[in-house]
Structure formats: C-alpha cells, structure tokens
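Quick note, the sequences are listed as chains G and A, same order.
End of the first sequence sits at 356 in the working numbering; the numbers just go up one at a time, nothing left out.
End of the second sequence sits at 356 in the working numbering; the numbers just go up one at a time, nothing left out.
Among the clues, some could well be false.
Given that identical chains are not distinguished, each listed pair holds provided it fits within a single copy or across any two copies.
[As the list claims (entries may be wrong)] Below, in silico cross-link-like pairs of lysine-lysine (DSBU-like), each with a Cα-Cα straight-line distance of 30 angstroms or less:
{"#": "1", "residue 1": "Lys102", "residue 2": "Lys352"}
{"#": "2", "residue 1": "Lys352", "residue 2": "Lys164"}
{"#": "3", "residue 1": "Lys19", "residue 2": "Lys334"}
{"#": "4", "residue 1": "Lys164", "residue 2": "Lys3"}
{"#": "5", "residue 1": "Lys256", "residue 2": "Lys349"}
{"#": "6", "residue 1": "Lys352", "residue 2": "Lys334"}
{"#": "7", "residue 1": "Lys256", "residue 2": "Lys102"}
{"#": "8", "residue 1": "Lys310", "residue 2": "Lys341"}
{"#": "9", "residue 1": "Lys352", "residue 2": "Lys19"}
{"#": "10", "residue 1": "Lys223", "residue 2": "Lys352"}
{"#": "11", "residue 1": "Lys342", "residue 2": "Lys310"}
{"#": "12", "residue 1": "Lys36", "residue 2": "Lys2"}
{"#": "13", "residue 1": "Lys3", "residue 2": "Lys36"}
Treat the hints as calculated values from the structure; they're not laboratory data.
2 protein chains.
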Amino acid sequence: MKKTALIMAGGKGERFWPKSRLTLPKQFLSLTNDGKTMIQLTVERILPLVDMEDIYIATNETYRSLVREQLPDIPESHILCEPVGRNTAPCIGLGAVHIHHKYEDAVMIVLPSDHLVKYNDIFTRTLEEACRVAESGENLVTLGIAPNYPETGYGYIKADTSLKDGDAFRVDRFVEKPDLETARSYVESGDYYWNSGMFIWKISSILSALSRYMPETYDGLSKIGQAVGTENETDALLSVFPTLPSESIDYGIMEKASHIYLVPGVFGWDDVGSWLAVERVRGADDDGNTLSGNVTVLNTSGCTIEAREKLIAAIGLNDLIVVDTDDALLICAKDSAGDIKKMLELLKKEGKDSYL
Amino acid sequence: MKKTALIMAGGKGERFWPKSRLTLPKQFLSLTNDGKTMIQLTVERILPLVDMEDIYIATNETYRSLVREQLPDIPESHILCEPVGRNTAPCIGLGAVHIHHKYEDAVMIVLPSDHLVKYNDIFTRTLEEACRVAESGENLVTLGIAPNYPETGYGYIKADTSLKDGDAFRVDRFVEKPDLETARSYVESGDYYWNSGMFIWKISSILSALSRYMPETYDGLSKIGQAVGTENETDALLSVFPTLPSESIDYGIMEKASHIYLVPGVFGWDDVGSWLAVERVRGADDDGNTLSGNVTVLNTSGCTIEAREKLIAAIGLNDLIVVDTDDALLICAKDSAGDIKKMLELLKKEGKDSYL
C-alpha cells in the first residue's frame, strides 16, 4: 500500500529561546552539528519509505515561508496551514482528509517535526514493521521508546506483552506523566514505553476511528475534505477548522480505541526538549562542555555555550547554558532551564515583546 | 606657590577586559553612573586647586587622541607621550622637567588617572593640607588611605604617628603587599595606610631627590628638560627616554629619601581594581545585582551585568560578572575575576589577538 506522511510543524518551541522565537520555532532550527534543521532531518529520515511528493506538512501561515524555504521539494499544496491551533486530533484529521483526497486509502505516518533520531536505519526498520501492522487490519500503531531512565516529563504507554504481532505489542493503556517513583516502577517493569507522538495507520482506519470517537470533528473534517482541490478549499478550511474542538489524538482516539499497537523503538530517539538536550545531541568534551561558535573557556565545565561570531569568553563557570543571538543573549543556570518560559512572561511584562 | 598636576595615564588596565582593550584602557572608560570617564573625573577633581592650563597628562602615542578627545581643554603641549613605558619614576621625572621649564618651581601633584574618589570636598581639603606640607621644605608627601579591611593587593605605608605636622605624619617605611595575616595586623595597629600612588611635592624637591637617589635618571631627564620648547624637544625625548632605567617612584625615591610625609585621606578612595569594584562604585540593588543596559533577570543575585542594546536575559545566576561589548562578551565567576589576565593570554595563544 502507498505510504504517505504527515509532519506536524506548528509548535512554538519556547524552550529554545532566544534561538527559537515566535517567528522561528525549534523545528526550523539546527541543533545538531550537521547544520540541518530539525524538520529537514525529519523529512530526510522518512525518505527511504515515503516519496517526497507524498509528504504533507501541517503548520500555520506564520511558518509557511519557512517550510517552503527549508523544504523546497515538498509540493506547495501539501503545506497545510491550520487557521488556528486545535491540538493534534484536528491537525492529523486535516492531513488524513488531504491524503484521502489524493489516494482514497494509504498508510499515513504521523511524525513530530522537532525530534531527533540517532540511528536512521533502525528507525526505518521499526517504521516498516509499524506499517506492516497498520496495513493488516484497522490497527492504530504508535512507536514506543524503551525508556532508559525514569523521565517524568513524558507520557508512558503500557504494552500488553502477552499479545504480540511480529515486533508489535497490543497496547494496554496510555498513562499521563508520572511522578518520579511511578516512573521508576515503569522503567523497572519493562512493560512501559515513552509516548513518542509518532503514529502509523491506514487513512481508512484513522477516519473510521475519528468517526466513531470524535464524530463532531469527523463531520467538520469531512466538509473540509470534500472541498480539497476545489475553489472552496480555503473557505471551507477557514470557516470549519476553527469550529473543531481542541483535542489531542492521544486523548481523543488512542486512549479510547481498540486495536492499538505499539512497536518498540531503539533508534536513539530524543525529543530535544530543552537546551539541556543539546549536550546529549552534540556530545560534550572532556570538561563536560558543549561549545559552538567563537568561544574560549578557562576553568569552565558542564556548560553549553552557543556562540556566533561574537567572542564569548567564559571564566570559572559551571553548569550554565549560554546562547547568543543577534539581539538577545541568554545566560541560564542548567537547573533553571525550566524557567525560560517565566523569563518570556517577564519580558512581555517589561514591554520587551520584540524579543519573544 | 603655583599648583600644577601630572596625571599618569599610560596604563593598560587589562582587568576591565573586554570593555578595556589595548587601545582603550580603563582610564578612558566610564565605570560610574555619571557617564564621565575615569580620567575626566580625575581632572575635574583637582580643578578647585589647579588651573586647567597647569595640568599635564603623561601617556603614550597610542592614547594621545583619546586624551585630546576626552580632555579637549588640556593644552596640547601638556600631553606628554612616553616613547616607551619606564615605570613611574621616569614618567614623573618627565612631568617635573616640563613643569620646571614652565615655572622654575611649583607644587606638583601626581595622580593616577584611573582611581575614584567619593567625597571630592574632603579630597580637596586633604590635598590642600598635603600642598602646605610640601611647600614647607623639601618634603615629599603622599596621600595614605586609612584601610577599612585587610586588603592584600595593595602596598602599605607605616606612619610614624609620633611625628606629626598638622594632619601629616612622617613616614616610617613603605611595605610591599602583605599576606592576609600581616594585612590584618596592619589594619589593627592603626599606623598603616594604603599606598594610593598620589604624591605632592615641589618641583625643586623632587628634582633634588632624583639627583640624589637616581642620578642616571636625573641626568637623562635634564637633557630632555633642556630641550623642552626647542626644536630638539621630540628628538631628545625619543633618544634619551628609552635609555632611562625602568623604576617605580616608590622604590627609586620614596623608600630611600628622608622628609617623607603622609597625609591620611578619608575621601572614599577606590582604585577600581577589577570588575568586582563596580558594585562598590555603582551600588547594588536588593538582590545584590549591579545591572546596566538592557538586562532582565530572574532568580539572579550577586551579579554585575554590563549590557548594551542587546538584551541579556539572566536566569538562576549567582555571583557572576557579565560584560557585553560589540565584538566580545565576558562571563566570569566573581571568584575568578583574577583570571582575566590568563584569559587574555589564552586568547593570544588561540590567535584571537584582535580582541585584546
């Protein structure tokens, strides 16, 4: 069966401020050493399975030009701009009706645009297995990441390891972000996986699930879908999409539907959730520093410093994140990385909106 | 007797990097809230006692244009450019022979160009008393700062408190920078003062002392002095000055001569020796931060941040010095402020000479 992909690229990515901005979120940044942006890497990663002309990007008008610039080979009609953000269920549904318009039925691979994968070949094989499971019935498949530490910032998926199809397990249940103790028990049990936000299903399967579990959304999406390729396409999108209830695909479908499968992935996944991830992604030197750009350090350890042409001279520093941009510089203690959002609120309060 | 002044402004001031550079040392920077540079404040401070046309600036060719720019009212012939640095004795001697050429004899006030004084009126009264003592004989007078803590970075002067002339004490001896224990005993004794590097004497007294204690230097200076105001002035300076031995006035004269007096000063003196001094000079806010320019801080304390137009956003920082300039940014732990010189060596080693 034809394989297609929807890449979700509408997020704001505040946690990478000041490199990320309202007008330049994380998925359009390069955080790796190869100079490629997150969304470029995401596209590259699925090309072994999906043709470029079968890739769709869900984003919004603000980022349309960034998508065109960074992904010039994506057909322009495949850049789907949501008029407003309505969480992942309407976003995925919008992609589904477009693919349905083109192919009637096909495998649809749904991917976030701002995650990293270390081992692309393993990723491809995992995705192939997920496609196989998706094609053999009405199965809704997700990729689960085998956890290697008790992360409390992710949702988890419990596999029913007694029900196996190839490499896939039936999903027992989805669980919210746990506290540390619970997370530890999840990791120890071996039955829990991180929810990667990557999904694989047939168009017919997801539309059927939407129809059953989110009928209101399904009706709206059907109207939008009927207008695709006609002169009413934009009108339908602009008038109907904002009326759809805001809902995640996890809550709206995955936690309710049956035939949910999980294919465990060990492909070096990283959601690059904050500046703290950069040292994992790029690798630190012997002093635990991850440096880029024009930096000179003295007696400095555990620091992530993103310089540009301007020299950054660091003396006697420990465990700081330093990020320079044209108009703003962040200096943040690593254990305060979670406070970047608070800083953005503070900047707004101080009338410094131009830096957001 | 006529009062004249020599302001010494040839220093490099590496400790204020990156704001200070080889081409823009500390004395030409503003480190206070009033926007005036250190050398401008130094001149302003002595104007109650010395006419502008009786002030001389000892510097070098590199800084001549900075002196003219920042002190346009100083007569151009009073900007004395040493061809090479030979420490303070030849520098002061050069000033002395110029003043001798103009006035035969006069009171000469010698001042560093990069110190701050908080109470200008007390400074003026102290200087007046020092002038009185200098005029009454061949006395060589220095201003001593009553120490309020056991600083180990300064030289000390021991006063002989049994020999008093007005507010002045005879000097018992000059001592080198002490260790902490010794410094504590100095402060407790009440007889020791910080060596401020400010001197007051008659031209006849200092030339006489140079002749006696530094005859070689005196002979060279005499040759330079005889050429002042003639067409040979520059030639004499360029050919003779470099032949003078490098020597400090403290070691060459003050530690050897008799008739040395000290006038204690309580005028809020600060040598602004490093970035650490900036919070003393400018005052810190309730969180112990001293901020200037476009800065927004969150959970940050004890930091000195010198921003410019570029926003500096600080999160969760403690006891750091941050200084932004056009082409270089310093981030330095306060307890590593002494390592700035090492950083400059490191930059040189890395071929980043343009930042020095």
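Status of each hint after checking the structure:
1. Taking the shortest Cα distances, Lys102 and Lys352 never come within 30 angstroms of each other, neither inside one copy (45 angstroms) nor across copies (58 angstroms).
2. Taking the shortest Cα distances, Lys352 and Lys164 never come within 30 angstroms of each other, neither inside one copy (54 angstroms) nor across copies (61 angstroms).
3. For the homomeric pair Lys19 and Lys334, the shortest alpha-carbon distances inside one copy (16 angstroms) and between copies (27 angstroms) are both at most 30 angstroms.
4. In this assembly of identical chains, the alpha carbons of Lys164 and Lys3 lie at most 30 angstroms apart only when taken from the same copy (23 angstroms versus 99 angstroms across copies).
5. For the homomeric pair Lys256 and Lys349, neither the shortest alpha-carbon distance inside one copy (41 angstroms) nor that between copies (64 angstroms) is at most 30 angstroms.
6. For a Cα distance limit of 30 angstroms, the shortest separation of Lys352 from Lys334 qualifies both inside one copy, at 24 angstroms, and across copies, at 29 angstroms.
7. Only within a single protomer do Lys256 and Lys102 lie at most 30 angstroms apart by alpha-carbon distance; the minimum there is 28 angstroms, versus 99 angstroms between protomers.
8. In this homomeric assembly, Lys310 and Lys341 come within 30 angstroms of each other (Cα to Cα) both inside a single copy, at 26 angstroms, and across copies, at 19 angstroms.
9. Proximity of Lys352 to Lys19 under the C-alpha cut-off of 30 angstroms is found in both arrangements, the shortest distances being 16 angstroms within a copy and 26 angstroms between copies.
10. In this homomeric assembly, Lys223 and Lys352 never come within 30 angstroms of each other (Cα to Cα): the closest approach is 42 angstroms inside a single copy and 63 angstroms across copies.
11. In this homomeric assembly, Lys342 and Lys310 come within 30 angstroms of each other (Cα to Cα) both inside a single copy, at 27 angstroms, and across copies, at 20 angstroms.
12. Within a single copy, Lys36 and Lys2 get their C-alpha atoms as close as 28 angstroms, which meets the 30 angstroms cut-off; across copies the closest is 73 angstroms, which misses it.
13. In this assembly of identical chains, the alpha carbons of Lys3 and Lys36 lie at most 30 angstroms apart only when taken from the same copy (24 angstroms versus 70 angstroms across copies).
Of the numbered hints given earlier, the model fails hints 1, 2, 5 and 10; all others are met.
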